[in-house]
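Chemist: Spelled out from the first residue to the last, the chains are:
There are 2 protein chains.
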Amino acid sequence: MDTSKGKGDLGVQNLSGTGDKLVHCQDLESMLPKAVKRRVHALKRLQVQCANIEAKFYEEVHELERKYSTLYQPLFDKRRDIVTGTVEPTDEECEWQSDGDEDEELAEEVKEKATIEEAKKEETMPQEDPKGIPEFWLTIFKSVDMLSDMLQEHDEPILKHLRDIQVKFSEPGQPMSFTLEFHFEQNGYFNNAVLTKVYKMKSEPDASDPFSFEGPEIIDCEGCQIDWHKGKDVTVKTIKKKQKHKGRGTVRTVTKQVPNDSFFNFFNPVKASPDEEEDDSEFTLATLATDFEIGHFFRERIVPRAVLYFTGEALEDDESFEEEDMEEGDEEEQDEEGDEDDDGDFDPKA
Amino acid sequence: MDTSKGKGDLGVQNLSGTGDKLVHCQDLESMLPKAVKRRVHALKRLQVQCANIEAKFYEEVHELERKYSTLYQPLFDKRRDIVTGTVEPTDEECEWQSDGDEDEELAEEVKEKATIEEAKKEETMPQEDPKGIPEFWLTIFKSVDMLSDMLQEHDEPILKHLRDIQVKFSEPGQPMSFTLEFHFEQNGYFNNAVLTKVYKMKSEPDASDPFSFEGPEIIDCEGCQIDWHKGKDVTVKTIKKKQKHKGRGTVRTVTKQVPNDSFFNFFNPVKASPDEEEDDSEFTLATLATDFEIGHFFRERIVPRAVLYFTGEALEDDESFEEEDMEEGDEEEQDEEGDEDDDGDFDPKA
Numbered sequence: 226m227d228t229s230k231g232k233g234d235l236g237v238q239n240l241s242g243t244g245d246k247l248v249h250c251q252d253l254e255s256m257l258p259k260a261v262k263r264r265v266h267a268l269k270r271l272q273v274q275c276a277n278i279e280a281k282f283y284e285e286v287h288e289l290e291r292k293y294s295t296l297y298q299p300l301f302d303k304r305r306d307i308v309t310g311t312v313e314p315t316d317e318e319c320e321w322q323s324d325g326d327e328d329e330e331l332a333e334e335v336k337e338k339a340t341i342e343e344a345k346k347e348e349t350m351p352q353e354d355p356k357g358i359p360e361f362w363l364t365i366f367k368s369v370d371m372l373s374d375m376l377q378e379h380d381e382p383i384l385k386h387l388r389d390i391q392v393k394f395s396e397p398g399q400p401m402s403f404t405l406e407f408h409f410e411q412n413g414y415f416n417n418a419v420l421t422k423v424y425k426m427k428s429e430p431d432a433s434d435p436f437s438f439e440g441p442e443i444i445d446c447e448g449c450q451i452d453w454h455k456g457k458d459v460t461v462k463t464i465k466k467k468q469k470h471k472g473r474g475t476v477r478t479v480t481k482q483v484p485n486d487s488f489f490n491f492f493n494p495v496k497a498s499p500d501e502e503e504d505d506s507e508f509t510l511a512t513l514a515t516d517f518e519i520g521h522f523f524r525e526r527i528v529p530r531a532v533l534y535f536t537g538e539a540l541e542d543d544e545s546f547e548e549e550d551m552e553e554g555d556e557e558e559q560d561e562e563g564d565e566d567d568d569g570d571f572d573p574k575a
Numbered sequence: 226m227d228t229s230k231g232k233g234d235l236g237v238q239n240l241s242g243t244g245d246k247l248v249h250c251q252d253l254e255s256m257l258p259k260a261v262k263r264r265v266h267a268l269k270r271l272q273v274q275c276a277n278i279e280a281k282f283y284e285e286v287h288e289l290e291r292k293y294s295t296l297y298q299p300l301f302d303k304r305r306d307i308v309t310g311t312v313e314p315t316d317e318e319c320e321w322q323s324d325g326d327e328d329e330e331l332a333e334e335v336k337e338k339a340t341i342e343e344a345k346k347e348e349t350m351p352q353e354d355p356k357g358i359p360e361f362w363l364t365i366f367k368s369v370d371m372l373s374d375m376l377q378e379h380d381e382p383i384l385k386h387l388r389d390i391q392v393k394f395s396e397p398g399q400p401m402s403f404t405l406e407f408h409f410e411q412n413g414y415f416n417n418a419v420l421t422k423v424y425k426m427k428s429e430p431d432a433s434d435p436f437s438f439e440g441p442e443i444i445d446c447e448g449c450q451i452d453w454h455k456g457k458d459v460t461v462k463t464i465k466k467k468q469k470h471k472g473r474g475t476v477r478t479v480t481k482q483v484p485n486d487s488f489f490n491f492f493n494p495v496k497a498s499p500d501e502e503e504d505d506s507e508f509t510l511a512t513l514a515t516d517f518e519i520g521h522f523f524r525e526r527i528v529p530r531a532v533l534y535f536t537g538e539a540l541e542d543d544e545s546f547e548e549e550d551m552e553e554g555d556e557e558e559q560d561e562e563g564d565e566d567d568d569g570d571f572d573p574k575a
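Taken in order, these protein sequences are the chains called A and B.
Okay, so the first sequence: first residue is 226 according to my numbering, each after it adds one.
Okay, so the second sequence: first residue is 226 according to my numbering, each after it adds one.
Only chain A is shown next, with the shape it has when bound in the complex (with noise of 0.2 Å):
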């Protein structure tokens, strides 16, 4: 068993060691002296204003997290200043002990890999001396599981104007949210300069089941319209059909335009329906699911960490989660290839 169960305010998820006598206790329940049992029922109550009070300190922590926002964003726009190469960071600002410890590290990977790295390296680096840290966040997403599933080759000369990701939350008042800001350069694929993806989140317990309530939960998101230039919208593709006239046998090409894959469906996600969850397909809930878990992970590792992200160093902490992951990873990329990339051009009202 690994310590960091025994790890951190905030491991609501440690809740091993538990499970196997639940029939024993209802049992136990149903078998109480009404007396007990009505005993009971008052502490049930109390549990329940516990929830409540439960609901506001998430709350609290939610502005904790707004007030940091600021403190941590002097070191964010430090970091995209020097990734986007506006600043050049002093001698005494890139003083990193472990340079040499790395290098030996990777000696041997590296002369294994040296060919194929020579010609990333050639793609990747045109000059010894480029601009900044090119591609730092396309870097991230094509290393990143999560992301690189989303990742189609025509979003990546798109992502290389990508200068910043950004995390703003709601503020004090406001219905719990955060929002995600992709900020990119000008650049020859739409004119927005910055595309937004909006978190709302819930942190109250449902008067239907309040017991169940862990804090603060997304719920909703919503995304943005992106301002393609003309002929640039990767989110499509057209396609031509071959008609045949029924009568005559005459045949005929229609075009029309179907959906593409592409990273950039991420800010038109789809919708649940406003009522319950039953309401929604298997694909809706599956398709939303994901997507909060995208949103929460830019919000909670990739922009805190982005550094992290690009050398490898994250992944190396998160190694413990790697074997589920490639799992879940795999069932998903049969089910895409199922439903898209096999039939590239179905009907865009399937």
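What the hints contain is simulated information worked out from the structure, not anything from laboratory work.
Treat the hints with care, since some could be wrong.
Copies of one chain are not kept apart here, so a pair can be met inside one copy or by any two copies together.
[Unchecked claim] Simulated pairs of lysine-lysine, DSSO-like, Cα-Cα distance not exceeding 27 Å:
(1) 281 - 292
(2) 481 - 467
(3) 385 - 259
(4) 281 - 303
(5) 262 - 356
(6) 469 - 269
Fit chain B to the given chain A structure using the hints.
Modeler: Showing chain B alone in chain A's frame:
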């Protein structure tokens, strides 16, 4: 994929969808032009500053928890008074709609288990209207694997005298810690009214590995002296040993006290060596890890939601973790048996 992954400000554990491109990334870093690598190191220095800010954030979260513990306390006191029978709740305080449903749900199971339950009922509920909620905490200890693993038959009569469990947080300015207080009614086993277990925490990045920081971590714990009545200490047992005199061949019987399995060993935890973990044995580290996990679980789950562990509803929520935990549980049990149960009279020096 389940939505819970997209859940919560506190889901630092949600790292899915990453992990497999590590080598690629590190190679990439090592292949970067010097000027770019230099800028990456500047970002790493900024990242260290972020980790230090994050540590302050978690300290403030701890403060928030302290503040909220005072808001929960009146409800927990009410719970204690109802559990101990000091206060009889009013009819209004006991209203609970889902009575009917529960009974239906359970009717069948109950029938099946009727005989067993009858037996249990007689043994656990002598009269039809006992005082408060008999064996409230003992039932929780029996229901939660992590606790029932520690529980011995000889602990049960003692735990029937447990009136309340409270969590106390360290004062602001003090080193971060929390204390579990086990409040007992007067009993025939020991004089202490309260048994305590202090968990010391650390909320700052390791200088050696600042990027692995994920929030406060339990680093040490301290039990308390139990003032057992003569002959009532269940954490030791007296065993007889025959010794044969080498020369004369005469046999004499010596008695000695040896450690005995008991939940109350929880208040006499193994000590980690003050130096680096490396110095501790696998067994010590595993034992400490389990102890930290249990302390964390009391604080995060049992104390805040006791009634839900009594009824089993909380175990329902934890079901998704069941499989994993069963495995872990099993391994442990085997270990323990291997270490203690099998050779009942091992030498305490060992």
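Chemist: Each of the hints needs a verdict: does it hold here or not?
Modeler: Each hint tested on the structure:
no.: 1; hint: 281 - 292; result: both (17 Å within a copy, 12 Å between copies)
no.: 2; hint: 481 - 467; result: within (11 Å within a copy, 94 Å between copies)
no.: 3; hint: 385 - 259; result: between (68 Å within a copy, 21 Å between copies)
no.: 4; hint: 281 - 303; result: between (34 Å within a copy, 20 Å between copies)
no.: 5; hint: 262 - 356; result: between (71 Å within a copy, 12 Å between copies)
no.: 6; hint: 469 - 269; result: neither (69 Å within a copy, 62 Å between copies)
Comparing the model with each numbered hint stated earlier shows that hint 6 is the single one that does not hold.
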